[in-house]
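There are 2 protein chains.
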Amino acid sequence: MNNQQIVYRPIGIIHSEHTIAEKTPIQPVYARGCKGRVEVFEEFQDGLCDLDEFSHIYLIYHFNQAPPVKLKVKPFLQDVERGIFAVRAPGRPNSIGLSVVELIRIEGRILYVDGLDILDGTPLLDIKPYTAKFDLHNVKKNGWQDDVDHKTAEKRGKRGY
Amino acid sequence: MNNQQIVYRPIGIIHSEHTIAEKTPIQPVYARGCKGRVEVFEEFQDGLCDLDEFSHIYLIYHFNQAPPVKLKVKPFLQDVERGIFAVRAPGRPNSIGLSVVELIRIEGRILYVDGLDILDGTPLLDIKPYTAKFDLHNVKKNGWQDDVDHKTAEKRGKRGY
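Respectively, the protein sequence lines represent chains E and Z.
So my numbering is basically just the index in the first sequence, starting at one, shifted up by 13.
So my numbering is basically just the index in the second sequence, starting at one, shifted up by 13.
Just so you know, same-sequence chains aren't split out, so a pair can sit in one copy or run between any two.
Below, simulated BS3-like cross-link-like pairs (lysine-lysine); rule was C-alpha separation at most 25 Å, straight line:
no. : residue 1 : residue 2
1   : K171      : K83
2   : K36       : K168
3   : K168      : K87
In short, the hints are calculated from the structure, not lab data.
Quantities reported herein were computed from a predicted structural model and do not represent experimental measurements.
With the hints as extra help, turn the sequences into a complete structure.
Written out as structure tokens, the structure reads:
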């Protein structure tokens, strides 16, 4: 299975105010007030039906400006190398990004969202609703993140925003 | 960008007790007690470093047994057609699955997890930590799911499990 190829095609494109990777907030929680538009291509517009009644959605996208893959990297919030699967950094074996953003409204095939931590021009792969029934989990351990205090996380997470 | 191809390769394979799609719980919340193993291929093992200190992880995977794509489908929990991006069903334009499972322990390159709602043999694309800082959102509206009562959701979500 190692060499199997799985091929996806963009279903849309993400438009944001972020054009420089180093100045882009690292997560939606550090990107409050970063508004933007998610454009879904016309052929997929019917799939957006009923989505406007959700307050939060997952955006799954392709990190098309990801740095080279490294299996150990320093996370944005801490100066200690960690396994790539224990962090959310973009230089991953498969460059898949995941963000939960706030959905403000939908006009046709354009989603207006808040909390965008995604670079302008990023290809969109999927949208899923984020819901109280499915997505709120009783987290007991947050690994290395438990050692990062709130103030440090806010400062480093926003990256100057 | 519509015709751009994005190519990923499996980083591992998911081993579960679920071999029949119609009898597989639809979400981890309805799969408590469904234990299984996530095997990560040897070449990616170093990326697992530090992951064992998280209680919950995202598995991102390829629905390799997905039904044909439909832009409107009835969700598992309700008999009303909805847009595919307003549900979590597998027959999506890009067949990407997302589950938050409980991480019990890691031995070498094998992750032992609970809450598996994934078919046996499913190709794994990515692992990310699920954390209190990044992933707990203040959900205000859950769309059509707000109309599904808890008892109905439990019954239909477990699919006989």
